[in-house]
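Undergrad: With chain A's structure known, arrange chains B, C, D, E, F, G and H on it following the hints.
Chains as they are written, first to last, in the UniProt record's numbering: chain A, 1 to 218; chain B, 1 to 218; chain C, 1 to 218; chain D, 1 to 218; chain E, 1 to 218; chain F, 1 to 218; chain G, 1 to 218; chain H, 1 to 218.
In short, the hints are calculated from the structure, not lab data. Computed from a prediction, not measured in an experiment: that's the story for all the values here. Ideal placement from N, C-alpha and C gives every residue a C-beta, glycine not left out. Please note: incorrect hints may appear among the correct ones.
Unchecked claim - In silico DSS-like pairs for lysine-lysine, Cα to Cα no more than 27 Å straight-line: (1) K8/F / K81/F; (2) K159/G / K217/A; (3) K125/B / K181/D; (4) K217/D / K181/E; (5) K81/C / K104/A; (6) K5/E / K181/D; (7) K217/D / K143/E; (8) K5/H / K81/H; (9) K8/F / K35/H; (10) K217/D / K104/E; (11) K8/F / K181/H; (12) K125/C / K181/B; (13) K35/H / K104/E; (14) K217/H / K217/F; (15) K81/D / K5/D; (16) K181/H / K143/G; (17) K35/F / K8/H; (18) K217/G / K159/A; (19) K104/F / K81/D; (20) K8/H / K5/F; (21) K81/C / K143/C; (22) K104/D / K81/B; (23) K104/A / K159/A; (24) K181/A / K143/G; (25) K8/B / K181/B; (26) K104/A / K5/C; (27) K181/A / K217/G.
What the hints assert, rightly or not - Some chain G residues well away from chain H (every beta-carbon gap over 12 Å; in silico): (28) P50; (29) V67; (30) P101; (31) D145; (32) E163.
8 protein chains.
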Amino acid sequence: MQLQKGQKLLFIGDSITDCERARPDGEGLFGALGKGYVSLVDAFLQAVYPELGIRVVNMGCSGNNVVHLEERWQEDVLDRKPDWLSIMIGTNDVWRQYDMPFIKESHVYPDRYEATLRALVERTKPHVSQLVLMTPFYLESNKQDAMRSSMDQYGAIVKQVAEETGALFVDTQLAFDAVLKELYAATLAWDRVHPTQAGHVVLARAFLNAVGFDWNKG
Amino acid sequence: MQLQKGQKLLFIGDSITDCERARPDGEGLFGALGKGYVSLVDAFLQAVYPELGIRVVNMGCSGNNVVHLEERWQEDVLDRKPDWLSIMIGTNDVWRQYDMPFIKESHVYPDRYEATLRALVERTKPHVSQLVLMTPFYLESNKQDAMRSSMDQYGAIVKQVAEETGALFVDTQLAFDAVLKELYAATLAWDRVHPTQAGHVVLARAFLNAVGFDWNKG
Amino acid sequence: MQLQKGQKLLFIGDSITDCERARPDGEGLFGALGKGYVSLVDAFLQAVYPELGIRVVNMGCSGNNVVHLEERWQEDVLDRKPDWLSIMIGTNDVWRQYDMPFIKESHVYPDRYEATLRALVERTKPHVSQLVLMTPFYLESNKQDAMRSSMDQYGAIVKQVAEETGALFVDTQLAFDAVLKELYAATLAWDRVHPTQAGHVVLARAFLNAVGFDWNKG
Amino acid sequence: MQLQKGQKLLFIGDSITDCERARPDGEGLFGALGKGYVSLVDAFLQAVYPELGIRVVNMGCSGNNVVHLEERWQEDVLDRKPDWLSIMIGTNDVWRQYDMPFIKESHVYPDRYEATLRALVERTKPHVSQLVLMTPFYLESNKQDAMRSSMDQYGAIVKQVAEETGALFVDTQLAFDAVLKELYAATLAWDRVHPTQAGHVVLARAFLNAVGFDWNKG
Amino acid sequence: MQLQKGQKLLFIGDSITDCERARPDGEGLFGALGKGYVSLVDAFLQAVYPELGIRVVNMGCSGNNVVHLEERWQEDVLDRKPDWLSIMIGTNDVWRQYDMPFIKESHVYPDRYEATLRALVERTKPHVSQLVLMTPFYLESNKQDAMRSSMDQYGAIVKQVAEETGALFVDTQLAFDAVLKELYAATLAWDRVHPTQAGHVVLARAFLNAVGFDWNKG
Amino acid sequence: MQLQKGQKLLFIGDSITDCERARPDGEGLFGALGKGYVSLVDAFLQAVYPELGIRVVNMGCSGNNVVHLEERWQEDVLDRKPDWLSIMIGTNDVWRQYDMPFIKESHVYPDRYEATLRALVERTKPHVSQLVLMTPFYLESNKQDAMRSSMDQYGAIVKQVAEETGALFVDTQLAFDAVLKELYAATLAWDRVHPTQAGHVVLARAFLNAVGFDWNKG
Amino acid sequence: MQLQKGQKLLFIGDSITDCERARPDGEGLFGALGKGYVSLVDAFLQAVYPELGIRVVNMGCSGNNVVHLEERWQEDVLDRKPDWLSIMIGTNDVWRQYDMPFIKESHVYPDRYEATLRALVERTKPHVSQLVLMTPFYLESNKQDAMRSSMDQYGAIVKQVAEETGALFVDTQLAFDAVLKELYAATLAWDRVHPTQAGHVVLARAFLNAVGFDWNKG
Amino acid sequence: MQLQKGQKLLFIGDSITDCERARPDGEGLFGALGKGYVSLVDAFLQAVYPELGIRVVNMGCSGNNVVHLEERWQEDVLDRKPDWLSIMIGTNDVWRQYDMPFIKESHVYPDRYEATLRALVERTKPHVSQLVLMTPFYLESNKQDAMRSSMDQYGAIVKQVAEETGALFVDTQLAFDAVLKELYAATLAWDRVHPTQAGHVVLARAFLNAVGFDWNKG
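Chain A with its partners taken away, still in its complex shape (with noise of 0.2 Å):
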């Protein structure tokens, strides 16, 4: 378990991390995380390891991409000194591409995607422990559709910049993927993008799979 005693973990994202979390801080009672994979992840850590004392903070924003994110970098990240950092966007630079074609001041395109994403994570880390960079995922199986191609096209930009600059990678698309393969896309999520807690927990497994969570802990 890679996560230790007393250490703030920080979600940045859209709308998938955000989940109706507490406004302006994404911590406390009353359901502060969301309803999302970030509670979840928190969850399990309490139940499973209270003893650490992981102080979970949820700061997605529902309609964020990469450039909404780095506007409020600062005061959402930086600002709040978390020991840990994970970051899951990308699915609003791809979707506005395929739901408002016309609407182009709304896409997000590759270069300006990898370029904003990479300088993000490199004036983040000299202020964490350690950086976490989820995937951004469609839940469509088949892997010529046009936007489930240009979804893997961002994921892959998300672990070459891992593996560039050192963070740990999460494949969220790969864990999904193993679930399609069983269950038809909209049993997950009818618009293929907001997962049902199924999806969440999926997400959730697949992030504390790459902390070293030991899910037979005593």
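TA: Showing chains B, C, D, E, F, G and H alone in chain A's frame:
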């Protein structure tokens, strides 16, 4: 134009027909016809053929499959004595197989779908001037997709029933496929099922073309 | 078809244009274009000419008269850099003279209406490919009716400004008069002003006809 | 002043009478008489003739036509044993012919209107001290307008029934026509039917004048 | 009738004047004049003297005392340039002495009341055609009651200021006392202050009588 | 202290007793006893005599008069088998005579009040350990006031019934009169009927004093 | 893993099971399984064992004790024909003895609890493949605390019934005690009863461990 | 009785003081003092000592700890110039250590608590007639419980500050302990912190006893 002066045209179906129509009677003032293709058909008939005085009624119900239609057929169709009846059903018959795969009593498989639809058509034929059968559709351009493939199978059943019974046939999937060549499915519907107004225009156009509507009427 | 690939088409006007559009930006997902003729124009463009990728924006504001348009012209029209601009204004300029006759500062009389409209058109012309001027209308078939007579006077001003400036002209009153021969005004609008969807189809048809829309395009 | 100490005065009619009255009993504290002419009549009776202790009851129902009145006559009129009964009905009998022309079962044509109204009056006459018949009205000054013309026909029926049965007669259309000489109809009602408080004052005045109310009583 | 064609008549006061008027401008469509005596005055002027085109404005504010009026006098009275101004204030100046006796800074005692009212009247007189001063009132018939006695004292101040400044004077308490001879106060107002519509008719009648309104005008 | 360990004490009455109690059972968690004197009595019993475990039940109903109590006596009183029963009724019996004077069937005059109350008391006496009769009250210090005078008459009836039946008697009017010597009635209640919490303390104190509550118990 | 392909797993219990599940059927789309441990169990089964297609149903009802379960057993358990049934009941049986001590009919004492639970288990055993009995719990680490002590007594009854009937046994209190060694109870639940998501993870883990769930399945 | 005629008594604290008081000013009509012990103190003062005219003000704020009080002290305490000031703070200073143990900046440890409280008391003493210091409390009868033990430590600090500064001291924990001998904590508060009205009576009694309130005053 096949619709004649003073006729009553009733639409029955699921949420794509329903679109927040008034209850119990799906006709009258204040948007009683809902916000979908039925209201568009009515609006075009009234705007372009006001002299015909066609009375449009919307009896769609969200969540319905063909078995639900059968349960309310006497009250919601026959008792209302329409001159024309348009049926578009099948989305939920198929969708539940893909989004709730473990709850099998919510599924309507092809045999039952075909038998029930045919029985309804034959029971109704003697009482109406004309029947219109519209296929269900799925906003997915990949014909190898499992749910698209199922939906095409149900569409083929509709076509066959239409041919055997002499009903007018509207291939909504074909109409959407033309648009899907240019636009990714998510532009028309996040869930591949409930379309934007552009999608309802596709449906209304397909219906109106089938009944001989003259778009350039002065 | 005069609209060309990738162009932005902006509509400005009053409540008949607004129809609950999204704010501050009248475009995007989830019915952002409102429930009136603008949304219908967009839906027909997308359904029939998906390959053109026309971007439609609705900047109507309920209650506006031509002076209100002038106040927000820079921000709501020019700064958005449309290729096409369609203006339909005048209802409230006239209506307030008839429903709030004693509150005279709410009235916009013909001189001011004409001067303001012409100034807006001339200020905008250099920046757009094409301008469309739609008349205001009143759903009253009796041309001797005082308010109908006023509205016709404002419509004539629109026509004159269109001719002088080379804008496309849409005579909405003429389009409605054809329907009012068959249907009493109350069928289209209890208040003679805010029409049902049938009335919005009349408006959308008139607009689309003016820009060379081909209704029978395959 | 024809109303006498301790009498109960019941009003029945449609939405113009109803005006959000309390249910099931249209009398009592907290605005139970609604916001229209009935409440004004009551307020003037109480303010000017407090010593008479007239009890006013409002049994109007929005959307009612004369057939609806007949259906609830026993319970809502006879069982309540009023001393005076005032009837104003006919708006919806006519309006539906003009705003829902294709839904013919919602129309009440003159023959049925006259027969039903006369039957109600004759059935009630033995049980009350006095009956007041108020005409329906339409806030349109053009007597050649189709719906105004119809409404005048229904008003003439009311007059004839009043004369034949000895009921007091209140010509509300005549009272409104005096105002419409000075004010355009939209000042009193956007929909020509549901008036502002000024219109309700016209109705209350007409009623009170008919029953001998002394406006200058000390 | 002292009000002349095209004049603007502004009412200012407390909750008895306010009655849910529109904000910020207490005039216009949709019940903007509130539900009290101001709306009744307007309705009678419009119904009986439509040819005069009197413009009525309601600037009452719930909870106000005379000091509150002074604070908003420039903006809410003078800047609106009324031809006629009617003031009814004092209820809260007195009431707080009786319902919040320990919070003394909420009280306005007679000296301050008189000085403030007189200053407002004198400041305004040069700018208007006519001023109307209406007394505050208390719906308690027992003149020895402590709060009634105070209210009578404030009413006497209003009378004196009216006489000294040549304003029209309306004795609302006197008008109510006539009704209170017949009806117990609770019939008009549970709290002795905010009357039913019958009470607002008493106020409107008193006002209209003071300005020479002819109730029997044809 | 007359209440004994484990006894159930039930209060019945009108809105002054009700005070938003839970329904159908006026006892339990989350403020089920309402916000008035009943809740205060319960709170003092629990805070000062926790060892007694007195169970308090509130069965007050807003708007009730003594006839309403009679209608629900079996279900709401007898079936609940209280050890102690406290009755405070009469406000609405009197009030309706003063705020709705023309609707006479809403009035309960002294004869009927007395007969009904006595019958209820006698019917209940065999089934309970002790009965408490609380007078109705009116927050008006002027005993010549018409409604106060009536209320005193009803209070005298309560006293007489209490004496004849051996019930404990609580003179709430007397308790309030002591406060009204110092405070004007509007401080305790704008409507003279529904008191502030200070008024409910007056009621709770009077009740607790009557049952021998020791305020200085350690 | 003891659950087998295609089985139906039904949970019944109180608010800790309920957690805002859908009604009347606690299964389906849109969070129908509620927000507690049942939804977590389902999500883990679907995410990790999608090939099994386990159907999870939540029939918990807030406020229920074992007697309430008995009342709805036929309809909510037996008629739904589950393959697996999990019961967690007892919280309210105990809690009411401590938060509503005077309302004794709301208490379920150990004898009745044991008899009712055993009867339900025995009645159900022939109809299901496997039964799981989960103890109730109390989030209080002090075993001398009165309510904790009671809850342990009820937990012991559950254990005994499980042993006698061969049901799987889940000791939820034991699972929580491990966490309570590190965290004060208020971190998991302000009221010691309704836990945060971390507490529901404790419950879901305990359940899944009991049925042989493999956390490290690929 | 130490409170004297016309004095202002201000309460400051956290949610136990706040109880939905009015904002920004915690005094006046319509329940402005909230629903807790402050309102009870006021009600008893007004009901039993109406001749003193004590003005009670509630400036509690939910969630506050002693540092929050310090931040708003000038505006919410000193500027309001009370004669008496009562402080009850500390619940949240302690509770956050137990319900959000990982968010350490939300904790206020004993040193800071003592220093801040003492500074506030000394800063205020010259400006008021009398200060009352009420301990925080925890509704847990087990003194070995970790949070109870902490709360007792903070209570001891309050006692010491009171003694050193000559403030009146109210030991709320002692008052509650007497009740907790008879009733399990959950009867008074599910969360051990926010009591029922019975708990607020305990607080009000303790306060009133400290200021010499005579419960048996005539």
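Undergrad: Okay, which hints does this one fail, numbers in order?
TA: 3, 10, 12, 20, 21, 24, 25, 30, 31
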